[in-house]
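S.K.: Quick mapping for you: the protein sequence lines, in order, are chains A and B. Final position of the first sequence in our numbering is 574; the numbers increase by one with none missing. Final position of the second sequence in our numbering is 574; the numbers increase by one with none missing.
What the hints contain is simulated information worked out from the structure, not anything from laboratory work. Keep in mind that the hints are not guaranteed to be accurate.
Stated by the list, open to error - Straight line, CA to CA, 30 Å or less: simulated DSS-like cross-link-like pairs of lysine-lysine:
1. B/K414 to A/K574
2. A/K191 to A/K201
3. A/K112 to B/K353
4. A/K418 to A/K394
5. B/K353 to A/K414
6. B/K323 to A/K353
7. B/K353 to A/K117
There are 2 protein chains.
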Amino acid sequence: MKFALLSGLVIACLASIGNASAANDLASFHSKNQGGCTACHITPGKVSDDSETHINQQCKSCHGGYEELKDAKLEIDPHNSHLGDINCTSCHKGHEQSKVYCNECHSFDLKIPFNDAKKKAAWDAKWDQEKIQQAIAKGPVETTEVVVVGAGSAGYNAAIAAKQAGAKVILFEKAPFSGGNSMLAAGGMNAVGTPQQKAHHVEDKVQWFVEDTMKGGRYANDPKLVDILAQRSAEGVKWLESLGVNMDDLKRSGGARVDRTHRPADGRSAGPTIIQTLRKAAAKFDVETRLNSRVEKLVLNDDRQIVGVVVHAKYSGYYMVAAKSVVLTTGGYGYNKEMIAYYRPTFKDMTSSNNITATGDGITLAKEIGASMTDIDWIQAHPTVGMDSRILISETVRGVGAIMVNAKGQRFISELTTRDRASDAILKQPGKFAWLVFDNQLYKKAKMVRGYDHLGMLKKADTIDGLAKLTNMDTQLLQGTVTNYNQYQQSGDDKAFHREDMPLNLTQPPYYAVKVAPGIHHTMGGVAIDTKAEVLDLQSWPIKGLFAAGEVTGGVHGYNRLGGNAIADTVVFGKIAGESAAANAQQK
Amino acid sequence: MKFALLSGLVIACLASIGNASAANDLASFHSKNQGGCTACHITPGKVSDDSETHINQQCKSCHGGYEELKDAKLEIDPHNSHLGDINCTSCHKGHEQSKVYCNECHSFDLKIPFNDAKKKAAWDAKWDQEKIQQAIAKGPVETTEVVVVGAGSAGYNAAIAAKQAGAKVILFEKAPFSGGNSMLAAGGMNAVGTPQQKAHHVEDKVQWFVEDTMKGGRYANDPKLVDILAQRSAEGVKWLESLGVNMDDLKRSGGARVDRTHRPADGRSAGPTIIQTLRKAAAKFDVETRLNSRVEKLVLNDDRQIVGVVVHAKYSGYYMVAAKSVVLTTGGYGYNKEMIAYYRPTFKDMTSSNNITATGDGITLAKEIGASMTDIDWIQAHPTVGMDSRILISETVRGVGAIMVNAKGQRFISELTTRDRASDAILKQPGKFAWLVFDNQLYKKAKMVRGYDHLGMLKKADTIDGLAKLTNMDTQLLQGTVTNYNQYQQSGDDKAFHREDMPLNLTQPPYYAVKVAPGIHHTMGGVAIDTKAEVLDLQSWPIKGLFAAGEVTGGVHGYNRLGGNAIADTVVFGKIAGESAAANAQQK
């Protein structure tokens, strides 16, 4: 069906054509050239809805899918992105200015049709308390068993687990695409006792995982949660594999004593790979997913038990859904400048590696109903965010072998130290930045580096001297640094900074450097949970029906998270939260 | 010297008389009737200064001291208050409307002369960042070794300890009188292994004190800090006694397994007694104390070490003081509505038992320079704040023997449970309030109750039936409650709620009741410190030169403080902070 012809909207539509003919926007263009409003709008009496595929289907019925839209001539092709098969309307707006969503994080020089149309106020510009109360007063318009709020890795894992446990589930995501911060995860998932570790002859123990995580978190972690994270990590990898993710590569992340970070074997970034698979798995298991749909209120009864949520959706407006269980998987607040400024004012001007969706909604929702928080003001800066950009340079780059030097070309700390110590060390260097330096061996081994190259972030030279010149380092100092490091690497003893693992030397040109500085990366604190992922109230007793997992929670990572533990957290506790939510909803 | 005659201010003064003659304020009255501006202003070229006694001296030189001003005919005499010998200008304003400071907390029907004069903007209405920066740019106008910020119990103990260790000390207090929240402490100070416990044949152990405190704090406390609190508590009592405080009474507080709370033997509230003694001790030891002086900035050098503070004073304006050590003893944020609303929105409409000075200044100062916080958003509600007032009904009332009943007259929880559980239980009762009920035995034993009576807070009747009628309780239910309780008390076994300690029955008329509801009482979280009271940065490393003690810190009390542990905290850690600060300042 190329063009559905319907009558419901005809009058409004004709009027709109009349007005729109002057407007240079996508809707006017389509209605003029493709036979009216029904070119896009297929449901009578309704502009659109917020299901994941509705709008895409209509667009694709004419234009074909993303595969067909790929343009090999483009250096940066927005239809071939880590965001995957997202809503077409994320960028292409009907009645207002179209814009390249990629540029919320990047600064690509991309052209999009109808980028000079009129701007409109964002549908989600405010939380309208009056409309929320009206939706509650009206009562639920639909009933489900489990509501999951936020479709990142934790949300997908929770929703799929709840669905597999037999519960009726709706997964809400406020953005026009799913993925959240998880989609930006470059590294991988820490796990102990996996077949992968066995295949790589890595000796590891649950207790080591626990100790490394507690040490990294400065022992502020909740030991009960860390135990579960470690104990169930191998099961988590297996579960991801059962959903279709390949996790066969293994590497070391900062703060870990052995190779424990599981990654896709094809060298791709872990986050997009996992999210794309989870998206497909959710569809396969019939998890109902609604995009452009922000949950703006948790509704309690007089006994302070969860009875539902109020949703504010782009097309469907405000409505209440009744549910016995709600799982908060909304992520952290690393992109909420107001919360950062309040909780940690010294970080307020720092860049953020986070998805623009990381605005702490779940924390706000839970605080409002008297949930307790753990270490709410603890924020992790990632030491290596691309200078003057928001692109995170993965820990993997250091893990696989890069060294880190200051503006003069000198190393100043073990590259594998914890994130907070590395960030602090960089901020004490001249100019408050550093360079990651590596050679062609690493370029070939770590596929993500080609991505940074593609984004124009790398300096490249055929000699160390040449690289020093390109980056304004002191040639002699950088030469000395590299010579010394190659000796340490050969002897296995880093005499300067006691780096524990040096997989590569720097001997094969071309040489590369990427300029980095600390940026806000992970908000450590959040909603307090117990071992069943139940959210706790101010008496530290569970709030009946409320669960949470992932970055929205506090306690798992203490004051500082280790690389590879975020995905582990979202998988292990996402699954637990989904199972607990299903069990609660199905309780007699 | 009744009237000092000086020339410095003559011209300004004459002009002011000219203008002021129309104004009905204290300054106009004095300048007209007492011979000019010099009636009050004694320093040439300077309006006044902010030393504790300067203004008082001038007022008292004519009017006599507070003792002479007492008026036996007044039911409430503001010159005979728990605030003690405070600045006369706290209430009597020269060039603006005078007002009864007592009514910041109470609602007394008191008359004050010149209460119809013009209002002026408060001198401390804002933190002027520009003036702060100007003061830093100008450089220090004086140098000391130790600055102590905030003159409550922690501040006085720190200042006196630093002074006794040989350091030069200035103690700054933003209010026109010292005392802070400590002055409102009714209960006492927990300590283990004191001569008092021995005299009362109380068996107690450091380990029990630690366990009770950790259990009360839901094990979120920093065990290292709790150990010190318990271990040095007896030494703390001894130290207070050495400064002149009598602490010979002993009672049980909620959450403690034995009688451990030390109080003045004369039955007076502990806080005012301790503060008045500390005030005198500070004067005796020549601790320089400045009132009306708010510290608005901690100044660091490039190595992030403390080098001083910027003070904003009512009369002296903005100025920088150089100091190697600064001790934050500014108290909590229990009277800062904005902070409460942000950190714990469900508490935002709750009344507060706190002094109006408890605005979290120290937390703001420390956050600004990158100090880390412990459990910053944890707030303790006190279960028994006088309903519709801000007067706290001390835990002692329950400790000494009162029972707690709901609107119908039924008990609903052990009266000696922890504060958070008691608060939560009250909020679940009809009307969200409770009554404390007791008889004449308690009235005679707990002197503070006479204070509540004096403030008109008690209902009083000769029979239980009469009391039920006065308070709208169900007569039969209240009768039953009292009869049962008296039986439990006699047998030593509270069959209803397992109350551990029942010192009194309810048999001797008249009977009393006071209506209570939960109010914000203590902010548990705050600046992170180590065992030397050093403030920690975001790497959990000490910030050189910065110390803190008392309610401004987090970690000692976990998620919930036990009654009697606040004064213990201020004394033990106040003293440690003062000693650490002196040692740091005197380090070569």
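S.K.: Identify every previously stated hint that the structure contradicts and give their numbers, smallest first.
M.R.: 7
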